[in-house]
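Chains as they are written, first to last, in our numbering: chain A, 1 to 368; chain B, 369 to 736.
There's no promise every hint is true.
[Stated by the list, open to error] Here are the simulated DSBU-like pairs of lysine-lysine, each with C-alpha atoms no more than 35 Å apart in a straight line:
1. K409(B) / K41(A)
2. K470(B) / K292(A)
3. K540(B) / K172(A)
4. K540(B) / K292(A)
5. K526(B) / K540(B)
6. K102(A) / K660(B)
7. K409(B) / K292(A)
8. K660(B) / K114(A)
9. K41(A) / K660(B)
[As the list claims (entries may be wrong)] Derived contacts from chain A toward chain B, CB cut-off under 10 Å, selection only:
10. S10
11. N11
12. Q12
13. L51
14. L295
15. R328
16. L329
[What the hints assert, rightly or not] With beta-carbon atoms standing in for the labels, derived distance ranges:
17. Q73(A) / A715(B): 38 to 46 Å
18. S364(A) / N390(B): 48 to 56 Å
19. H46(A) / E370(B): 45 to 53 Å
Keep in mind the hints are simulated off the structure, nothing from the lab. Nothing here was measured: the structure is a model prediction, and the numbers come from that model. Every residue gets a Cβ at the ideal spot worked out from N, C-alpha and C, and that includes glycine.
Here is how the chains run, residue by residue.
Protein chains: 2
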Amino acid sequence: MEFKVNQISSNQISRAGTLSTNHGEVSTPAFLPVATQASVKSLSSHEIVQLGAEMLLSNAYHLYLRPGLEIIQHAGGLHEFMSWNAPILTDSGGFQIYSLGKLMRVSENGVQFKSHIDGSSHFMSPEDCMLIQATLGADIIMPLDHCLPHDSDTLDIKRSVTRTYQWAIRAKQNQTNPNQSLFGIVQGGTSIPLRREAVDSITSLDFPGYAIGGLSVGESAHLMYTTLEATTELLPFDKPRYLMGVGSPEHLIKGVLLGIDLFDCVFPTRLARNGSLFTSQGRINVRNQQFKTNLDPIDGACVCLVCTTYSLSYINHLFRSHELLGYRLATIHNLNFILRLMENLRAAIATDTLVEYSNRFLDSYATR
Amino acid sequence: MEFKVNQISSNQISRAGTLSTNHGEVSTPAFLPVATQASVKSLSSHEIVQLGAEMLLSNAYHLYLRPGLEIIQHAGGLHEFMSWNAPILTDSGGFQIYSLGKLMRVSENGVQFKSHIDGSSHFMSPEDCMLIQATLGADIIMPLDHCLPHDSDTLDIKRSVTRTYQWAIRAKQNQTNPNQSLFGIVQGGTSIPLRREAVDSITSLDFPGYAIGGLSVGESAHLMYTTLEATTELLPFDKPRYLMGVGSPEHLIKGVLLGIDLFDCVFPTRLARNGSLFTSQGRINVRNQQFKTNLDPIDGACVCLVCTTYSLSYINHLFRSHELLGYRLATIHNLNFILRLMENLRAAIATDTLVEYSNRFLDSYATR
Numbered sequence: 001m002e003f004k005v006n007q008i009s010s011n012q013i014s015r016a017g018t019l020s021t022n023h024g025e026v027s028t029p030a031f032l033p034v035a036t037q038a039s040v041k042s043l044s045s046h047e048i049v050q051l052g053a054e055m056l057l058s059n060a061y062h063l064y065l066r067p068g069l070e071i072i073q074h075a076g077g078l079h080e081f082m083s084w085n086a087p088i089l090t091d092s093g094g095f096q097i098y099s100l101g102k103l104m105r106v107s108e109n110g111v112q113f114k115s116h117i118d119g120s121s122h123f124m125s126p127e128d129c130m131l132i133q134a135t136l137g138a139d140i141i142m143p144l145d146h147c148l149p150h151d152s153d154t155l156d157i158k159r160s161v162t163r164t165y166q167w168a169i170r171a172k173q174n175q176t177n178p179n180q181s182l183f184g185i186v187q188g189g190t191s192i193p194l195r196r197e198a199v200d201s202i203t204s205l206d207f208p209g210y211a212i213g214g215l216s217v218g219e220s221a222h223l224m225y226t227t228l229e230a231t232t233e234l235l236p237f238d239k240p241r242y243l244m245g246v247g248s249p250e251h252l253i254k255g256v257l258l259g260i261d262l263f264d265c266v267f268p269t270r271l272a273r274n275g276s277l278f279t280s281q282g283r284i285n286v287r288n289q290q291f292k293t294n295l296d297p298i299d300g301a302c303v304c305l306v307c308t309t310y311s312l313s314y315i316n317h318l319f320r321s322h323e324l325l326g327y328r329l330a331t332i333h334n335l336n337f338i339l340r341l342m343e344n345l346r347a348a349i350a351t352d353t354l355v356e357y358s359n360r361f362l363d364s365y366a367t368r
Numbered sequence: 369m370e371f372k373v374n375q376i377s378s379n380q381i382s383r384a385g386t387l388s389t390n391h392g393e394v395s396t397p398a399f400l401p402v403a404t405q406a407s408v409k410s411l412s413s414h415e416i417v418q419l420g421a422e423m424l425l426s427n428a429y430h431l432y433l434r435p436g437l438e439i440i441q442h443a444g445g446l447h448e449f450m451s452w453n454a455p456i457l458t459d460s461g462g463f464q465i466y467s468l469g470k471l472m473r474v475s476e477n478g479v480q481f482k483s484h485i486d487g488s489s490h491f492m493s494p495e496d497c498m499l500i501q502a503t504l505g506a507d508i509i510m511p512l513d514h515c516l517p518h519d520s521d522t523l524d525i526k527r528s529v530t531r532t533y534q535w536a537i538r539a540k541q542n543q544t545n546p547n548q549s550l551f552g553i554v555q556g557g558t559s560i561p562l563r564r565e566a567v568d569s570i571t572s573l574d575f576p577g578y579a580i581g582g583l584s585v586g587e588s589a590h591l592m593y594t595t596l597e598a599t600t601e602l603l604p605f606d607k608p609r610y611l612m613g614v615g616s617p618e619h620l621i622k623g624v625l626l627g628i629d630l631f632d633c634v635f636p637t638r639l640a641r642n643g644s645l646f647t648s649q650g651r652i653n654v655r656n657q658q659f660k661t662n663l664d665p666i667d668g669a670c671v672c673l674v675c676t677t678y679s680l681s682y683i684n685h686l687f688r689s690h691e692l693l694g695y696r697l698a699t700i701h702n703l704n705f706i707l708r709l710m711e712n713l714r715a716a717i718a719t720d721t722l723v724e725y726s727n728r729f730l731d732s733y734a735t736r
């Protein structure tokens, strides 16, 4: 993997770049749609390409449980299995320690957990996690890390920073596939001193890229932004920075302003399946009564396949009738919205109009 | 609407033709995918066009209940509402008298029924049914008819034939939209004398096309075929013949051999959502254990988007993981299979090789 910064904003922080992998290039800053179970819910590979996504995220924890590694190995790896020929990033399962907390027990050795599918018991060490991801064959992989709820006490966060560091060492020692880039993950909750400590220790291991974990897990936007700013300014400028699990328009813009290069989140696709749709004037819920007879597209400013073909009235009917097409049209629209936003942010960095573009977008987005 | 027979098989029965409507032409014999609630489940209009479907079926009963006529009228009719610019046929609701039997009470005046959605009470007369379909604006419409279970006694079937005839008269008298073609429906269960009586009475009203209802509702294939043969041979040769609710490969072939021009059925799409997929060697269920590691396409002889992109192993995983993409890929494959079969049957009529083609297809289809 290579990362090249092509343009730098006059704020000296935001940058547009190119991430080159064995499966192709990614223009950054980039948003990675999430294919948790090796599928961006409801979309075919062709459609994801058409939407302009250049990289996907999938999840080692989920794929390990279902379909299982043997099946993906038999297919020749994750790219082949899911017919996706562009770059993939796999997350380790660290976030599931947080999100499936009740099913997990963390120790120095690794994570003891029960499958959320069938309740079966499993154990994953940092070494296991590397072996799993080597089999999956993603272009960028993540070490097992320890992500905590935002309101954890300082001592627990301190322990999770130390553990994440120790696990990162073990992950690095157990990297077997030279075609994969292993990123380091910075934890530390919303404590700026602990974030600094985490950056110091993780960057001392010299990873080809750095992920920022443990944000957007319930803390206020203000706390998230100040923590993010304090973290990114310490990270080496020439390495890609990946803000994990962030995907609202507001957070993406703030992330880019603070120098982030990669984002992923289920937010746009999960919202879509609940009928919640992005428009240039803010979010709407297409299920609402008011849209029953509205013949306008979701967003008059949008030229996606959905907005150029279908009315709000029809999509309202699809959602009220539980028609599968509704979830899919909503997913296409929301992903298109986010991917166009990223495209515009990249263009704004190139023309050094990032602040103006961001303010204009956010002013309009706050209208509704 | 115009119907032109272009080629006749040397059996003097099967024919290939062209049905011309205000929304375009349909090559017959044709299979109409079913958009019960104004959506072919999981597919966009673009995809249905790409699959080569030239006409859809939708359902007056379902659309009347949800989204309701006002909403479709407000959109400018069903074509506009669902963004489908090719021909549409709407069924009346007669089949729902049979399939939702417990919620229905039939009298001379019409049908008293409870909504399967919210239990609300409704009444639909043959006149109401025409008004509903005039509002929907389909190219071909159906009168309200009385469809019975296959094991009904002869007296009941006789009564349903008489009622269907009387309702057809009332439907014809209440046709308001000259751009729509109202077909007559032949009922009569599996009684050949009653089918003859029904053909006599319905054809005396001189409709521009004739539908055969009340078959494929649980009777044996043998009984279905003998009844169908006795019915079609009495129908005027120059009018299109529509066999309602039939869509398995075997039935489609038999129907074409007996001179049918139009078919519709939820069978291919409903099977698909259950993981049951057509192949040139018979049906398989993609959920089965044996396909977990099978890297072949669903059907090696198929060139659809699904078979040229995805493996059985991946689709098996999608179904086992309840991923929306699975239902959709299966739907695309099954509809493509049926639409290619119809295309081949039309070509075989044109080259007068229908019997040979049909036997070859069925020999292979029975392999598994």
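Notebook entry, point to check: Is the shortest C-beta separation between R328(A) and chain B less than 10 Å?
Noted result: At about 7 Å, which falls below the 10 Å cut-off, the nearest Cβ of chain B leaves the hint on R328(A) intact, so it holds.
Next item on the list: Have a go at the L51(A) hint: is there a Cβ in chain B nearer than 10 Å to its own Cβ?
Entry: 14 Å, violated
Notebook entry, point to check: Going straight from one Cα to the other, do K540(B) and K172(A) come out at no more than 35 Å?
Noted result: Outside the cut-off at roughly 79 Å; violated.
Checklist line | Pairwise hint evaluation, K660(B) against K41(A), where the allowed Cα distance is 35 Å at most | finding: Holds, at about 20 Å.
Margin query: K540(B) and K292(A) were given as a pair; does the straight-line alpha-carbon distance stay at or below 35 Å?
Written below: Distance ~33 Å between K540(B) and K292(A) Cα, so the pair holds.
Note to self: Next pair to validate is K660(B) with K114(A); report whether the Cα-Cα distance is within 35 Å.
What the structure shows: It holds: about 23 Å lies between the C-alpha atoms, which stays within 35 Å.
Next item on the list: Note whether the CB distance of H46(A) and E370(B) lies within 45 to 53 Å or breaks it.
Entry: For E370(B) against H46(A), whose Cβ atoms are near 38 Å apart, the range 45 to 53 Å is violated.
Checklist line | Holds or violated: K409(B) to K41(A), with C-alpha atoms at most 35 Å apart | finding: Roughly 16 Å between the alpha carbons, so the hint for K409(B) and K41(A) holds.
Margin query: Between the alpha carbons of K470(B) and K292(A), is the straight-line distance 35 Å or under?
Written below: Roughly 30 Å separates the two Cα atoms, so the pair holds.
Checklist line | Pair hint K409(B) and K292(A), alpha-carbon separation not exceeding 35 Å | finding: Given that 35 Å is the threshold and the Cα spacing comes to 20 Å, the pair holds.
Note to self: Given S10(A) as an interface hint, is its Cβ closer than 10 Å to any Cβ of chain B?
What the structure shows: 43 Å, violated
Next item on the list: Hint says 38 to 46 Å; check whether the CB-CB distance for Q73(A) and A715(B) agrees.
Entry: Roughly 43 Å apart at Cβ, these two residues keep to the hinted range, so it holds.
Checked against the numbered hints given earlier, this structure breaks hints 3, 10, 11, 12, 13, 18 and 19; the rest are met.
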